[in-house]
Structures are given as structure tokens and as C-alpha cells.
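Based on these hints, arrange chains V and W on the given structure of chain B.
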Amino acid sequence: MSAALSAAEITRALTRISHEILEKNNGSSNITLLGIPTRGAHLATRIAKIINEIESCDVPVGTLDITLHRDDLRTRPPKALMPTLIPSAGVDGRDVILIDDVLFSGRTIRAALDALGEIGRPKSVQLAILVDRGHRELPIRADFVGKNIPTSRTQSVAVNLSEIDGQDEVLISDGEAN
Amino acid sequence: MRHLLSISDLSKDEAILILDTAIEMARASDGPMKKLPTLRGRTIVNLFAEDSTRTRISFEAAAKRLSADVINFGAKGSSLSKGESLKDTALTLQAMGADAVIIRHSASGAPVRLADSAWMTGSVINAGDGTHEHPSQALLDAFTIRKHCTKGGGDLAGLRIGIVGDVLHSRVARSNVLLLSLLGAHVTLIAPPTLLPFGVESWPVDISYDFDSVLPTLDAVMMLRVQQERMSDLFFPNAREYSRYFGLNRDRMLTMKSNSIVMHPGPMNRGLEITADVADSARSVIVEQVSNGVSVRMAILYLLLAGAPTEIGGNV
Amino acid sequence: MNNSYLLKGGQLPNGEKSDLAIDNGKIAAIGESLDVQTLEVIDISGCVILPGLVDLHTHLREPGREDSETVLSGSRAAVKGGFTAISAMANTSPVADTAGVVEQVFRLGQEAGLCDVFPIGAVTQGLEGEKLSEMGAMANSIAKVRVFSDDGHCVSDPLVMRRALEYVKQFGGVIAQHAQEPRLTVGSQMNEGIVSARLGLKGWPAIAEESIIARDVLLAEHVSSRLHICHVTTAGGVEIIRWAKARGINVTAEVTPHHLLLTDDLATSYDPIFKVNPPLRTEKDVMALREALAEGIIDIVATDHAPHPAETKECEWQEASFGMLGLETALSIITQTMVHTGLMNWEQVADRLSIAPARIGGYSDHGREIAVGGSAHLTVINPTATWRVDRDLVASRSRNTPFHGMELPGVVEHTFFKGVKR
Numbered sequence: 001m002s003a004a005l006s007a008a009e010i011t012r013a014l015t016r017i018s019h020e021i022l023e024k025n026n027g028s029s030n031i032t033l034l035g036i037p038t039r040g041a042h043l044a045t046r047i048a049k050i051i052n053e054i055e056s057c058d059v060p061v062g063t064l065d066i067t068l069h070r071d072d073l074r075t076r077p078p079k080a081l082m083p084t085l086i087p088s089a090g091v092d093g094r095d096v097i098l099i100d101d102v103l104f105s106g107r108t109i110r111a112a113l114d115a116l117g118e119i120g121r122p123k124s125v126q127l128a129i130l131v132d133r134g135h136r137e138l139p140i141r142a143d144f145v146g147k148n149i150p151t152s153r154t155q156s157v158a159v160n161l162s163e164i165d166g167q168d169e170v171l172i173s174d175g176e177a178n
Numbered sequence: 001m002r003h004l005l006s007i008s009d010l011s012k013d014e015a016i017l018i019l020d021t022a023i024e025m026a027r028a029s030d031g032p033m034k035k036l037p038t039l040r041g042r043t044i045v046n047l048f049a050e051d052s053t054r055t056r057i058s059f060e061a062a063a064k065r066l067s068a069d070v071i072n073f074g075a076k077g078s079s080l081s082k083g084e085s086l087k088d089t090a091l092t093l094q095a096m097g098a099d100a101v102i103i104r105h106s107a108s109g110a111p112v113r114l115a116d117s118a119w120m121t122g123s124v125i126n127a128g129d130g131t132h133e134h135p136s137q138a139l140l141d142a143f144t145i146r147k148h149c150t151k152g153g154g155d156l157a158g159l160r161i162g163i164v165g166d167v168l169h170s171r172v173a174r175s176n177v178l179l180l181s182l183l184g185a186h187v188t189l190i191a192p193p194t195l196l197p198f199g200v201e202s203w204p205v206d207i208s209y210d211f212d213s214v215l216p217t218l219d220a221v222m223m224l225r226v227q228q229e230r231m232s233d234l235f236f237p238n239a240r241e242y243s244r245y246f247g248l249n250r251d252r253m254l255t256m257k258s259n260s261i262v263m264h265p266g267p268m269n270r271g272l273e274i275t276a277d278v279a280d281s282a283r284s285v286i287v288e289q290v291s292n293g294v295s296v297r298m299a300i301l302y303l304l305l306a307g308a309p310t311e312i313g314g315n316v
Numbered sequence: 001m002n003n004s005y006l007l008k009g010g011q012l013p014n015g016e017k018s019d020l021a022i023d024n025g026k027i028a029a030i031g032e033s034l035d036v037q038t039l040e041v042i043d044i045s046g047c048v049i050l051p052g053l054v055d056l057h058t059h060l061r062e063p064g065r066e067d068s069e070t071v072l073s074g075s076r077a078a079v080k081g082g083f084t085a086i087s088a089m090a091n092t093s094p095v096a097d098t099a100g101v102v103e104q105v106f107r108l109g110q111e112a113g114l115c116d117v118f119p120i121g122a123v124t125q126g127l128e129g130e131k132l133s134e135m136g137a138m139a140n141s142i143a144k145v146r147v148f149s150d151d152g153h154c155v156s157d158p159l160v161m162r163r164a165l166e167y168v169k170q171f172g173g174v175i176a177q178h179a180q181e182p183r184l185t186v187g188s189q190m191n192e193g194i195v196s197a198r199l200g201l202k203g204w205p206a207i208a209e210e211s212i213i214a215r216d217v218l219l220a221e222h223v224s225s226r227l228h229i230c231h232v233t234t235a236g237g238v239e240i241i242r243w244a245k246a247r248g249i250n251v252t253a254e255v256t257p258h259h260l261l262l263t264d265d266l267a268t269s270y271d272p273i274f275k276v277n278p279p280l281r282t283e284k285d286v287m288a289l290r291e292a293l294a295e296g297i298i299d300i301v302a303t304d305h306a307p308h309p310a311e312t313k314e315c316e317w318q319e320a321s322f323g324m325l326g327l328e329t330a331l332s333i334i335t336q337t338m339v340h341t342g343l344m345n346w347e348q349v350a351d352r353l354s355i356a357p358a359r360i361g362g363y364s365d366h367g368r369e370i371a372v373g374g375s376a377h378l379t380v381i382n383p384t385a386t387w388r389v390d391r392d393l394v395a396s397r398s399r400n401t402p403f404h405g406m407e408l409p410g411v412v413e414h415t416f417f418k419g420v421k422r
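Chains as they are written, first to last, in the numbering used here: chain B, 1 to 178; chain V, 1 to 316; chain W, 1 to 422.
Isolated chain B, as found in the complex (with noise of 0.2 Å):
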């Protein structure tokens, strides 16, 4: 097991995702932060802190949970669900950004932009993405990458987060993927 990312370089990282969705977006007015949970929520709830301290302003941020949506449900034991909270303002119109802590093989996003339809009709989704570790099955990118880290598919990448975990850290490890 080996360290990715440490703390510091976590936060350097979301930091600089909050510039560049500012600057992408022209500034916060019409953006609204979704995470996808467990950990990809807590990102957004940093992102947003972050966003506001630039900006002064109040962010709308939520949460997306794309278990229900998933395509490969089948395959595993059911989990179970985590909230949806959209912010009351909604997504039609706005410059959605998802929020996620791994990008792989891109079936999440895909689900979550499903959900995401059933919910409203943005004017853009965009992605944001802690690790980046490649292997795409699905036509998906992310708009914001904190790092890439280019893995094996036997490896399996952990992002610890202080909320949830204890220490921030992302930690890749040789065996089975999770």
C-alpha cells in the first residue's frame, strides 16, 4: 500500500478545482455543487467552503445518490441507500457540477447523469474528480481532475477523508478492486 495523495496535496487539489470551476463557469452565480455519496458528498461540502470563501457567496451544494440507477446492481448484494438532497432552487437551468472521489470505469456518472435527468434539465453538467485512475468502459471524462494516477486494474485506490475516515489520504494498494 502506497500513498497517492497525501492531506496536503488533497487540499491543494480541491483548492485548485474550486479556481478552475469559478473560472470556467464565469464566477459561482449559476453553478450548483451535487456529491455523490459517501465520500464524493463530503467533497462537495469542501468544494462549496472553498467557493464561498473566494466568492462570498452561498453556493447551492446537494447530494446525489445513484444507487437506484446503477446498471450493476445485479451483481452485488443490495446496499443501502444514502440521501438525495437537491437544493431547493433545483438543477433546471444551472451549471451542474458533479462531484465524485474516484473516476474509473465511469458507470457512476453514468448513473448519476440518468438520475440527474430524472431530476431537471441543466444547462451543462460538468464533472469534478478527486483521483482520476483511468480505465474507462463509457465515452465519460471529467472536467476537473485532482490527480491522475494510472493503475492496474487489480489495484484499488482508497480515499480516506477526515469526515469519515479519520485522515485524509488517497492510498492504492495491490489486490482485488474495489
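Hints are computed from structural coordinates only; laboratory data are not their basis. Small disclaimer: the values here were computed from a predicted structure and weren't measured. Honestly, I wouldn't trust all of these hints.
Stated by the list, open to error - Distance condition first, Cα-Cα at most 27 Å in a straight line; then the derived DSSO-like pairs of lysine-lysine: (1) K257(V) with K79(B); (2) K79(B) with K35(V); (3) K26(W) with K80(W); (4) K123(B) with K35(V); (5) K151(V) with K79(B); (6) K8(W) with K418(W); (7) K34(V) with K123(B); (8) K87(V) with K202(W); (9) K35(V) with K64(V); (10) K26(W) with K8(W); (11) K34(V) with K79(B); (12) K418(W) with K144(W).
For chains V and W alone, coordinates are given in the frame of chain B:
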């Protein structure tokens, strides 16, 4: 879990998982995501060998919101009413490729027979069998109680819940006794001795014949339907006497704790076990029980059907 | 030397090792190391020789439901289970409430020729519990009926029961009562207890049986008649019979093999293979019944062999028929529950399954002590061998055995009826 036949098949954690999942299902249904693709391509059969419009519609709505294909197979006009055996019905459903059968039946144990037989391989969900159990009703009742009487999560420890009336013939009562006590609630059965099952002393409940003394201590009171024909079977002298001692009327309701709720699984006999003013009062959550029913049944269908098929008899 | 056998190396019910020779329908010789010329020599080392078993309670379904069982198929099942005499219950269609029907059943038994089939006559016409059937005519028919029973139904009217008990005295008959108070068992499905309450199946209280037993022993005492209680299932029933016997009342009682082994918690599966009338009771009742049988308070074992077609068992519990097969498994169940537990020896087995039932039924050629010159109705059992019950291999026309898949001790090796191996 492969089937939902009895509350006794559930662990406390599994029961809480169902309730927690139902919260998210309710959130999805209340919000913009009315329709979820989760069970797309699955075939669910509503096998209602006994009439029950409300339970059938509730399960049907739940299945459809999860995008399952629903086939309704009712008693009237179907082969069931022509004396087809449970076995032949099951073989037919198997041949049609049913992934799950939601069964309502007048015979206690019919869902167990369906699940344990080699007649079909799909999941079996008990939607009420004879005087045995009605697990989805108990889960929606627990969901409703948890929402009103707790901070919203976890179990029901410390709550006092009364179940009043014809416990003997009530599948709702049997499932609720099991589930509410599993979740840590203190259950009191309130009924004339004729309407309590033999050996009820061995159940994890208190027994009372005195509604008035227990009612003020309760957080939730669940009124059971009393069927008119019970009178002719000598269970109580007449409706007037039953209502006098075991009916919930306005005067009794006024003795209840401030935040306590009144429940009824429906259909109600207004004027017999519950008066109209109580049923329609602010304490009554009877209509909400119905809407919670859809969310709870979505949770049940999701947890039973969405995941990987488990080994026969295996529990996940 | 027609049909002569020498059984070598067996053991008599009293435990004595002995050979036994059969010739011309009779027991020809008994003794150690017999050296007689017979057609066939059979090594029965390790086996016990019992007088041929007698069942006082068998449902053969002929006439009327020959798809479930016939006199012939029931006779085959009987012989396979070691029985040389069985008693055909009256609840056929038409009901055995006339001399014509009992003679028909008797003749069918003779034609089958595998064992004796003694018809039981109905107490009341059509088993309806209202008018006495022609018990005199049945008693005087070629079937010589002595046991009368409405089994399946209780003779619940106390006046009808009193008159029946009185009436059968003239020909030494006995009323075999199916003790079930009907008003306490309307729609009942299984023993009323903790299990029935949990399963939501309508309860069948023990007192529904006990109250009738209590009433009937008092009636039997009052009119000085002979009463037999079918299939006792409860500890309370045993106590009433104990009391009645101590008082000198002329009452006998039977217990079925299944009530000596199975309990009501088997209903948890909702599999109607365990649905039976009277119902399976609790562990406490089972233990009381075993003790009562060993003690002789309960006089005999009777099978209540009740064949039913598959469709009446492959269904919901409350839709299913009551009853289970018994003939082919009875002796094995008794071996397991009574002999291997040390409650009874083989002499007691011979008494409870042959001698006493033959005496109650008046079957004078059966149930005799094994002695030279006696009719060679004999059952040879290997008590240590085991077998697995397979419903697909039963001799009965029906397959409703609750013991399917069970490994049971006691293999019936041979059954001799009238000196012929069947």
C-alpha cells in the same frame, strides 16, 4: 433475504435497513424522481387470492415506481376462482418467468408453502396470509411510528405502543407484535380475553383488559378492525358493548399523551372500533400510513429484488 | 411339506433364543437348534419373532375412494409393516353402516388374502350421529363385526352415545369413540397452543378430546358397557383413562405411532403432510403417551393409517385433508420411541401391537402367545437394522407419510399370515 414471509425472518438490523431505505424511497417519491429504473426488466406478480384493493394498489404503485413490470392476478374472474390449486398457479407463474410473487391469501401459511415448495423459484412476499402475518403492514406501521415518535432513525426503544381489538384474528397484530418488540418498543395488547390468542402470555407483550388505564401511557395506539361476524361467534355480546370498552372515541382520545398518535391498518369500521371524529382528528395518521406504505414496499422490493440473486435459502 | 419354513437363530418376545418351524399354517415346533425338514430355511439371526401385528384402526378407502387405497393395496401395506390383521374403518363411501357394506369389505379382504381384514361398523347411519346403524345385522353378518366406530366423527350426542354403548352389549361389541367435541373444534386446524397462535391456524384444544373421554367413561360405567377410545393424544386424556381404569370402568385406549413421535411445531412448515385428526400435540403430551403405553394405561398402538391423494396434501394447510399413512412405519416408530428408549421390551410390544388389539377386537385367531399348534401369524423384525422411509416406495396407493426421508430402526424382515410368507 430472498423472501419476506414473516417478521420473524428479519434481524433487527435488517428491519432498520428496510425502514432507512424507505426514508430514501419516500424522499425520491416526494421529490422530482417519481420513477426509478431500479427494477427495469423484472416481472412482479400481484397474486391476490383474497380481495384487498389497498394493499394490492400499494404494492403495484411501489413496483411501478421502480420500473418493474407488474402483472395483477386477482381472485375474481381468474383461474383462482375456478378452483385452480396453489400449486398449479405457482407453476404457471414460474413458466411466465415471475421474478417475484406478492401474495395475499386467506389461508395462513400460503406464502410459506409457495416459498418452500419446488413449484417456483422467485421471491415470495407475504401481503397478508389468513390470520398469520402481514409483514409489510407492520413495517409501514413501524415506519410511521418512528417518523412521529422518535428523532427519525434507529429503533423504537422506550416507546409504548398499544394494539387494541381483535388480536386473535389479526395478521397485522401478529406482525406488529414481532416487529415492534424486535425494535425495542413496549407493546401492550388491549382486548377482551375472547379476542386474544391462546398462550398469549408467552408473547413479548403486556396484556390489558382496561383500555382506559393504558391509553394515557401510550405513544401510539393501533386500532384493529373488528369484523361484524365476530359477534355471532360469541366473541363479544354486541357492537355497543364492544365500543363502550374497547372503542376509541373522542372522550378517550382526550386522555392521550400530547404527541401520541392514532393508527388503523384499514379498512375502518367507523363507529365500532373507532369513531369518525377520532379517525379524522389531528392525532390520526391513518391516511399517512397509506402513503408510507408505498415507500416501505418500494424498500422491500428494492432490497429483495435489486441485488444479486442469493443462493437458495441463503441470507444476505 | 407345503409352505413349511424353519426360522433359525431368532429370538422370542420374552428374549429366549429359539428356532421356530412353521408347517401347514401352524407353528409346528419351537426350540433351540431345531432339526426339522422344511421347504425353506430362513436365517433370522438377530431378529425378534412377534405374533403377527393387529391394527384396530385402518382406513382402506374402499368402497368409494379406490384412488387413495383399496383393500388389496392396504393389505399389501399392512403385510409390509408386519400386520396380519387390520380393521377397516367405517367411513367409506357408502358408509359401512349396513351388513351389505361390511360383508363386501370382508370379502375383498378374503380375496386379497394377504392378511385378515375385519370391518368396523358405523355407530350411526351415515356417520351423522343421529340414528343408530344396524349394528345387530353387522354383528351377525359373515364379517362378524364387533367394533363399531364413527371415526372421523365423534358420537357427540350423549344420548346417542349412551344408547350405542348399551345396544352393543347384546353381542359383546365395543364402541370405539373418536373423542372430539365438535363445538370446540369448529374449523380447527392444529393443536391449540403457542404454535397455533403464532401460525394463525385455528386451534384444536386438548379439552375438546378430554371432555368427551371424561363423559364417555362415565357413560360406560353407568350402563356397564365396553368403551374404546381411539387415538388418545393428550396428557390430560391419559389421566382421565387412568382414573377410569382405577375405578374399574371397562375402557381401553389406543395411541398412534405418529402421536408418539411427532409434535405440533412441525406445523411451522405449513406442510399439510403433518395435518392429522386428532392433531399432533406437544412434547409434554408425547412423553405422557409413551409412559401411558408402557404402563398399560393406554392398551394398544393403532395406526389410524389414513391414505390421501397427493392433491389433497399439495395445497394450503387449511385446504388439506387430515391424515397420514401408518401401516408401513408403525413398528419402526414403536422400536424407536418405545424399545430403543428402554420404555418397553419386546413382550410388551407383542402385547400392545398384537395380543391386546386382537382381544379388544375379538379377533380370536390373532394375537396369541407364540406356541406350538397356534396359527402361524408371525412378524419377524430386525430391531438393529435401519431403513430410510421413501414415500415413492410405499405399498400404499397414497404417499402421504410424514416420515419421508427419516432413518428409522426396525426392519420388518418377514410377515407370515396363516403360515405363508407374504
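Do the hints match the structure? See the list:
1. K257(V) with K79(B): 38 Å, violated
2. K79(B) with K35(V): Holds, at about 19 Å.
3. K26(W) with K80(W): This hinted pair holds, its Cα atoms lying about 21 Å apart.
4. K123(B) with K35(V): 22 Å, holds
5. K151(V) with K79(B): The hint holds at about 23 Å.
6. K8(W) with K418(W): 19 Å, holds
7. K34(V) with K123(B): Given pair K34(V), K123(B) holds - Cα atoms ~21 Å apart, limit 27 Å.
8. K87(V) with K202(W): Given that 27 Å is the threshold and the Cα spacing comes to 23 Å, the pair holds.
9. K35(V) with K64(V): Holds: K35(V) and K64(V) sit about 8 Å apart, inside 27 Å.
10. K26(W) with K8(W): 17 Å, holds
11. K34(V) with K79(B): 20 Å, holds
12. K418(W) with K144(W): Status holds; Cα separation ~19 Å.
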